[in-house]
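Chains as they are written, first to last, in my numbering: chain A, 1 to 120; chain B, 1 to 898.
In short, the hints are calculated from the structure, not lab data. Quantities reported herein were computed from a predicted structural model and do not represent experimental measurements. The reader is advised that the hints may include incorrect statements.
Only pairs whose alpha carbons sit at most 25 Å apart, straight line, appear in this in silico SDA-like list of lysine to any residue [what the hints assert, rightly or not]:
hint : chain 1 : residue 1 : chain 2 : residue 2
1    : B       : Lys64     : A       : Trp97
2    : B       : Lys64     : A       : Asn47
3    : A       : Lys76     : B       : Gly43
4    : B       : Lys829    : B       : Leu375
5    : B       : Lys64     : A       : Thr12
6    : B       : Lys278    : B       : Ser131
7    : B       : Lys64     : A       : Trp68
8    : A       : Lys78     : B       : Leu375
9    : B       : Lys64     : A       : Val103
10   : B       : Lys17     : A       : Gln38
11   : B       : Lys64     : A       : Ala101
12   : B       : Lys17     : A       : Asp14
13   : B       : Lys749    : B       : Thr258
14   : A       : Lys76     : B       : Met62
15   : B       : Lys75     : A       : Asp14
16   : B       : Lys847    : B       : Leu375
17   : A       : Lys78     : B       : Thr258
18   : A       : Lys78     : B       : Asp65
19   : A       : Lys78     : B       : Asp21
20   : B       : Lys847    : B       : Val364
21   : B       : Lys394    : B       : Ala22
22   : B       : Lys64     : A       : Gly62
23   : A       : Lys78     : B       : Lys749
24   : B       : Lys609    : B       : Gly640
25   : A       : Lys92     : B       : Gly640
26   : A       : Lys76     : B       : Asp37
27   : A       : Lys76     : B       : Gly59
28   : A       : Lys78     : B       : Ala22
With beta-carbon atoms standing in for the labels, derived distance ranges [stated by the list, open to error]:
hint : chain 1 : residue 1 : chain 2 : residue 2 : range
29   : A       : Ala95     : B       : Arg51     : 41 to 49 Å
30   : B       : Val507    : A       : His42     : 53 to 61 Å
31   : A       : Glu43     : B       : Ala18     : 35 to 43 Å
32   : B       : Val507    : A       : Ser85     : 52 to 60 Å
33   : B       : Arg12     : A       : Glu43     : 54 to 62 Å
34   : B       : Trp11     : A       : Ser85     : 16 to 24 Å
35   : A       : Ser85     : B       : Ser266    : 50 to 58 Å
36   : B       : Lys305    : A       : Ser85     : 54 to 62 Å
37   : B       : Pro306    : A       : Ser85     : 52 to 60 Å
38   : A       : His42     : B       : Arg12     : 33 to 41 Å
39   : B       : Leu460    : A       : Ala22     : 51 to 59 Å
40   : A       : His42     : B       : Trp11     : 48 to 56 Å
Every residue gets a Cβ at the ideal spot worked out from N, C-alpha and C, and that includes glycine.
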Amino acid sequence: MSPEKLDLLQGTLDVMVLNTLAAMGPMHGYGIARRIEQVSGHEVLLNQGTIYASLVRVEQRGWIASSWGTSENNRKAKFYAITESGRRQLLKETAYWDRLADVMDKVMAMSGGAQEGDPA
Amino acid sequence: MSILRRARERWRAFGNKARLDAELEAEIAAHIDLATDENLRSGMTPAEARRLALLSFGGMNMAKDQQREARGLMKLDILMQDLRYTIRSLGRDPGFTVVAVLILALGIGANVAVFSVVNTLLLRPLPFPNSEQLVWIAPPPTKCGQSCATYSTDAYDEFRMYSRTFQDVTGYFAFSGPGNLSLNRGGAPIPATSIDVIANFFQVLGVQPAMGRTFRPEDALDGAAPVVLLTNAWWKTQFNADPNIVGKAFGMNGRQTTVIGVLPKSFDFGAVFSPGAKVDAITPLDLYGPPRQWGNIITMIGRMKPGVSIGQAQQDATATVPHMCWRNTIPQSCGSYAQKNGEGGVVPVPLKDYVSGKLRRSLVVLWSAVGTILLIACVNLSNLLLARAASRSKEFAMRSALGAGRLRIVSQLLTESLVLSLCGATCGLGLAWIVISWLAHQGAIALPLLSTLQLDGAALSWTLIIAVFAATLFGVFPGLRMAGTNLIDSLKDSGQGSGQSRKHDRVRSILVVSEVALACVLLVGAGLLLRSFMRVLDVDLGFQPERAAAINVAYDDSAPDGKASALKRAAIFQEVIARVSAIPGVEAAGTTDYLPLGQNRSWGMPWPKGIKPPDKSPDSPLVYVVSPGYLRAMGTRIEGRDFTWDDGPNGENVVMIDRSLAQYFAKLANWPNGNAIGQMLGTGSNGSRIVGIVDDVHEESTEAEGGWQIYYPMTQASPAGAELTIRTRMPPATLAGSILAALRELNPKQPAAEFKPIQMLVSHANSSRQFFMLLVAAFAGLGVLLAAIGIYGIISYSVTQRTQEIGVRMALGATLGQVQRDVIWKTLKLALIGIVLGTVASLFAAKAIAALLFGTAPTDPAAFAGMVVLLGAVALAAGWIPARRASRINPMVALRNN
Chain A
1 MSPEKLDLLQ GTLDVMVLNT LAAMGPMHGY GIARRIEQVS GHEVLLNQGT
51 IYASLVRVEQ RGWIASSWGT SENNRKAKFY AITESGRRQL LKETAYWDRL
101 ADVMDKVMAM SGGAQEGDPA
Chain B
1 MSILRRARER WRAFGNKARL DAELEAEIAA HIDLATDENL RSGMTPAEAR
51 RLALLSFGGM NMAKDQQREA RGLMKLDILM QDLRYTIRSL GRDPGFTVVA
101 VLILALGIGA NVAVFSVVNT LLLRPLPFPN SEQLVWIAPP PTKCGQSCAT
151 YSTDAYDEFR MYSRTFQDVT GYFAFSGPGN LSLNRGGAPI PATSIDVIAN
201 FFQVLGVQPA MGRTFRPEDA LDGAAPVVLL TNAWWKTQFN ADPNIVGKAF
251 GMNGRQTTVI GVLPKSFDFG AVFSPGAKVD AITPLDLYGP PRQWGNIITM
301 IGRMKPGVSI GQAQQDATAT VPHMCWRNTI PQSCGSYAQK NGEGGVVPVP
351 LKDYVSGKLR RSLVVLWSAV GTILLIACVN LSNLLLARAA SRSKEFAMRS
401 ALGAGRLRIV SQLLTESLVL SLCGATCGLG LAWIVISWLA HQGAIALPLL
451 STLQLDGAAL SWTLIIAVFA ATLFGVFPGL RMAGTNLIDS LKDSGQGSGQ
501 SRKHDRVRSI LVVSEVALAC VLLVGAGLLL RSFMRVLDVD LGFQPERAAA
551 INVAYDDSAP DGKASALKRA AIFQEVIARV SAIPGVEAAG TTDYLPLGQN
601 RSWGMPWPKG IKPPDKSPDS PLVYVVSPGY LRAMGTRIEG RDFTWDDGPN
651 GENVVMIDRS LAQYFAKLAN WPNGNAIGQM LGTGSNGSRI VGIVDDVHEE
701 STEAEGGWQI YYPMTQASPA GAELTIRTRM PPATLAGSIL AALRELNPKQ
751 PAAEFKPIQM LVSHANSSRQ FFMLLVAAFA GLGVLLAAIG IYGIISYSVT
801 QRTQEIGVRM ALGATLGQVQ RDVIWKTLKL ALIGIVLGTV ASLFAAKAIA
851 ALLFGTAPTD PAAFAGMVVL LGAVALAAGW IPARRASRIN PMVALRNN
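Next comes chain B alone, as it looks inside the complex (with noise of 0.2 Å):
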């Protein structure tokens, strides 16, 4: 034990260096006395016996240090001791070090952040235990919607029976729109979104609530007395955080429903299932009342059993498919899910694929993008630090004449950068900590997680690790050179002209030549990705997304049986219509149930009257309910005519569908002149006729084309919902008090529901693109800034260090313009340089990232251009203003000056 004991002496003498040195001081003085004493015994003079006794001691300072060395700790002194000086040195140079930090800063803040985003979407796992055995259960992507991802409650009830590697399946109700529930609390409905979740949804997560309970399957059950669970924000914002909520009831949806429990904080459902979207309450799905009738409704979330790989489950799933009835009544409708576009119906992923896999490629990217930042700020430090070591060269020059080894100068150095370092990681946490707090609360970006973003320990110990990378990488470079610097050299170096400043010039140079080389990667990078952006924003979406605005408008349109109920419906909204439409400033104004690039459904295939199903059928179109003037209210080109309020139940049934579909139609038929309008669909009284057809409209992505469309009148097919969609002359928000006072003086329990701009639904579908977008063009900004200091910053060393030599050529007749062009013309070398190379390194990095691009080629000459031409401005700038200094000296002092 006597080590320990040691070691732990070592330390405490290592803080308590001042009393041990004195107390060694006194020791060594007895000691002398006493040998001088001794000496004076036998008979030496004083003078003799006190040199004898100091030379038998030996070395005094020698003694000394290897007290010292064996009683504490050396190394952490020298480092302690380097450590007071690089601050002092650093102290001496602020302007240097307010750059270095700064940029620094910005490399590594960037750096932490993206790391962060990374960690929440893709490295950590979901926010639920043992998170890896869930698993999303779900068919192949189709184009026809939400209602082929889904399954109905009898087939959901098969497979949970059926399936033999799961601990557990659960699901929820994937139609549930926004502003579905509307709480009343006396004054104006307040609406709000809730899900409907298969009662075990919490127990197969691993859900614990806050507060009260979950579900249990008899909440579930038909007649059940109505429960809710409140997420914990809006139990915060809308109930003041009562402590005492568990059991009051409310009026929710026109009945009283109480609540069981609040769930937890970290329970997000938005943030996992539907990024964006803000989720207030949790309601059980009744599996057994109407919703089995409803198809397919149910999205399904299993929990694999501990130990079952994702391939065993896979094959679970196959073998059970046979099990799995549309309709457990209708025979033919079993095993109806085994086959979706000829792969299998019922494939088990990961949930945490499911959830961020689509943006592995983006992350990447974006990674990538700003390690090369840091990679920049590097080659950019290193650059400062041999301009600093230029003018330092003395100084260490003397340090080693005195004595000090080259591993302890290199030391020393290293020490300065990991202080600039650690400097710049500090500053750099704080502007991490900005955006990623920022970034948390951007509910307008469509990116899953992005509310559980924060800076956690993991983020911190990331910061530490590049923040010794970045110190390393900067650092060792200059200090291996200013270690090996000739000590004479440097002592007779007056800096100017010698063949040591050349060398390291032709050093800088290349950093600066590198610099420029991954600005370039990065810029063409951000144009790629900016011309995509653009691109996508110029898709034509099939609907004019500018000054068109929707709301949700609640109605009662309950009848004992379904043509008094669409007689019913029809009067209410030809009344409500004709109200908005006559409000100042409204073009046109209809309804529909579900808006585009958002919720959707199909409702199988309306073969044309007379034709037989080919074997292999596409995919059905999605179903939209409408009201005559909703298209017009779109901006959707109708060829034909739209539906009219004639267009009742007791009438002919029509239908419109988009053009692609009509083409499909008319081939397949052999319709004459492929004309559809007038066409006849269905069979028997289920017939309807096309009356007109539509323009194709982006219904799922703004980017990818989608599935095909159909729509039907409300006054004949039953609709989900209504969101009245209104076209107007001026921005449309100016309308929304007015709209919602026509519709609450029609129906006074209208909730004041969100008035959204069809222009946000777009804007919302294209964040995610954008969001990528806007940080790598940010990023490719930094590097170009960066990059241009880098210019800059040699340029004007090298006119300072040729001071003389300007002066002596114009003094021989050189002319303003010649200093000029020649400053340029040396910035322009290095800059082209550059640019080849990163022209080249730009094709690579190009290609790798074609996958994300929207109709631009990875060789886009535009990205390209843009990226050499502005890339030789900011060269320009940057060596303009030291050209221009050059042109300035003044021959007479330049010359006399040294």
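Bound-form chain A, shown alone (with noise of 0.2 Å):
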């Protein structure tokens, strides 16, 4: 792996948004934000705000919830849930992802034989 941060494609975190909602439950987005950054390993480049843009497209398409609560340390915040649709969504990209996974794997193995023959 190259030691710059892996940039994000078009729609991945938002698929990341979901499934650390499902994995973790009810959450803020700071919290959200943070659980990414730590899952990934510092691995991926997000600036923390760029959470607000994903967590606004997710939950106008209905997949996720929210409501103002208190935190752990009393503090005011936003609180994010997945819900029903969200769950469902989330199965679909998660066997989108699979698949796409492999066949990449697959066609990255084929060119990489392939640099291996070049002659140049």
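The task is to assemble the complex, starting from two chains supplied on their own in separate frames and drawing on the hints.
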């Protein structure tokens, strides 16, 4: 892996948000951003602020719901929770990512072989 | 469905901007607090903790923008911003805004008004269901008037029976004259106009009554109880919109007539079939009663079966012709409709073509003229915007320095154009509405369907289309120009004498030149139409319309036989004419049954005695049954003698014919010296002696050479009515009262018929030409005005820009005159280039409208010279004002100012 951080593909952040909420239960924006940073091992290039565009996008589609609540250290924050249709969407997305990863693996393996045999 | 849901949410978010923004602020604040808390817990100083929290959050504004973009409708947000900005900036410059909106209002208003006219007359189908199935069935144009354009009742019957491509065929009596119905409701009889139609008329047209019923076949039978249908307008004005009118009976033409229904407002007989005429009532035509003996009287209208093409209908008509007899009892008359002037005598054409086909060319010209106006208005606006752009270039340079992209600036400018254009369109719509409502009530203009004119959905859509089109046209150019300006140059440019302004100047000059050229084309077109109109007014009509007037006289000449009737008639009118002639101010009086430029008829050709008719005989002359003195009252010259009261039923039959017919007869019969006077027409006891030759009269149109005329004395032939015509020494209207009083004294049943100045008949005949001429002239005037504003604008601007230069020149010894001449020369140069280009374009345009001209060549030097003089003068005037200003520049002030 290159030492630089990974640039996020369009839409991947949305899936990460869904997955995080499905795994962790209701969380606030800061919590989600921290969680993604931690889980990705700080590999993902994420300005924490970017999470809010993703959250509003996913919420408008009805996959997550939000409400104001109080954090464990008594701060008012907006909490997000995954909805039923969000869970369904996550299943679809997971299947899609699995397939894509599979295909990518195969293609990359093939092109690797070609490079080795390249006379140049 | 999440996509739909998201779209809905985005719209909702767009509307809840303030609340959502506040919520986002709070959420981000909480985020930073939470992050700071965590950092504090890991042992940082408060300042360090907060700094790190902000750092990992990233660009605060970017995050907010991203969230807003994901949440709402960013494009719309920008548009709203642009709109607010536009309204502010237009409000700051009210002078510019008012002028721009006014120019656009005129340009767009004229376009919308003309579009409505074109739409009503040309584009929209006739106001009948499935109107594309309706056809007008008539012979090609002839010179023998309405008698040659109509069919006998027998012919109608046969056509209806034998034709196969028609659902049904109907028609109406073509000879109903105005004032032919007299309504008696106690007091003086009220004159009105009714049309006799075949009973199935409304079924064929597909018109449903607003109340009651339309005609049934039994209404038209011999001896049926008289019934009438009222037009909506007459029902309202004469019967106070009585909701219970159906079933009531009124005295009409001396018989108790039952009202069986009221026609809908949308049905206007005059608007479709006889432009400019007002019809009050519709009555059924008794096909098998007396009208059977009247010859050609029916105008045929057919409804084709669904899917039948006009070509098939025409073939069908041609195949049906042999069955059609002028009169079934005269076998020789069968098939007599087959040929008219070498063409088929029964030709269906789409009713729409018959109604407005003749106007197509005029309307297209009108449309082009008004389109040119819009172009000129756009060029003018472009020019104004460029001038404004010059003074705003710093503003835009500043915006782009602050990060606005090229596209953003162009879209801001286009928004401005669009706002201006829509404001203009709104005002223009108001103008158009005024014009249209006025036009719809111009009964005197002989244009079909004019009364149905209204501002409808189509006109509104058209307004929107041209508003957007205009905005793009005049906005894009200055927009691109502005967005392309060099940032540094603009910020540095002080505006005067710099390269940028020069470049602006050149572009604006090109615009002004094109404006002048367009105005040129309009002026030449208007000039040619004006010249044509004056030529039409100059036409020798064969009578003098000034100081002559006519009024329809009611009389009763019923008698057991023709001779007795003629004697009775002679007695009545000898007295009427004597009484009217005795009124002070009356120079001459006489009656005719048909007035010129109105209805007419013909009776077949009375060949000279002893002459075998040629194989290819010309159209027979139009027939007028007149009293002694009529021709003198009309101002028509007679060679030979007029009829006298002594030319009675027992005396020798006499006629007068017009000069062209006399010449034709003289040549045909080889009369000595070519003199027709004293010669005999016709054979045996029906022979008539020609006693007078009269001037050719324009009977059918003021423009075209009409057919021949023959005059019979009312004491020997039976007239269709009596139009008492008088010639007066003073304006005829002043005598209307005393003449009606005299007629009433002689016959108490005389209705208060309309007193028609003959000049009015002529104006009516010229009204459609006048209408188009005036409109095109008005557009030309508008075009010249806009061009003048354009010229003034650019010259004035360049004088302002060059204040310093002029100051220097004057300080160096240039005289007032030199400075003035310089400015005026600049103006004239622009105008001249425009005029030269415009003249070339005008030559093409003039060729295109050649068919609309009368007695005027498309290259008419007067029209072109007039245009050059007028435009030159306007340009001079437009340049003179800035020139004066330039010459008043005080060199000291000008130099100190900078």
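Discussion item. Does glutamine 38(A) sit within 25 Å of lysine 17(B), going by the straight-line distance between their CA atoms?
Written reply: violated (33 Å)
Worksheet item: Holds or violated: lysine 609(B) with glycine 640(B), Cα cutoff 25 Å?
Response: At roughly 20 Å apart (the allowed maximum being 25 Å), glycine 640(B) and lysine 609(B) satisfy the hint.
Discussion item. Holds or violated: the 16 to 24 Å window for the beta-carbon distance between tryptophan 11(B) and serine 85(A)?
Written reply: holds (20 Å)
Worksheet item: Does the structure keep lysine 78(A) and aspartate 65(B) at a Cα separation of 25 Å or less?
Response: holds (19 Å)
Discussion item. Would the hint linking lysine 64(B) and asparagine 47(A) be met if the CA-CA limit is 25 Å?
Written reply: The given pair, whose Cα atoms are some 12 Å apart, holds under the 25 Å limit.
Worksheet item: Within 54 to 62 Å or not, the Cβ separation of lysine 305(B) and serine 85(A)?
Response: holds (59 Å)
Fill in: Status of the given 52 to 60 Å range, CB of serine 85(A) versus CB of valine 507(B)
holds (58 Å)
Discussion item. Run the distance test for lysine 278(B) versus serine 131(B): straight-line Cα separation, threshold 25 Å.
Written reply: Holds, because 22 Å separates the two Cα atoms, which is no more than 25 Å.
Worksheet entry | Cβ separation of histidine 42(A) and arginine 12(B), checked against the hinted range 33 to 41 Å | holds (37 Å)
Worksheet item: Going straight from one Cα to the other, do lysine 394(B) and alanine 22(B) come out at no more than 25 Å?
Response: With Cα atoms ~35 Å apart, lysine 394(B) and alanine 22(B) exceed 25 Å; violated.
Discussion item. Next pair to validate is lysine 75(B) with aspartate 14(A); report whether the Cα-Cα distance is within 25 Å.
Written reply: holds (23 Å)
Fill in: 25 Å limit on alpha-carbon distance, applied to hinted pair lysine 78(A) and aspartate 21(B)
Holds, at about 14 Å.
Hints 1, 8, 9, 10, 11, 17, 21, 23, 25, 33, 40 from the list above are not met by this structure, while the remaining hints are.
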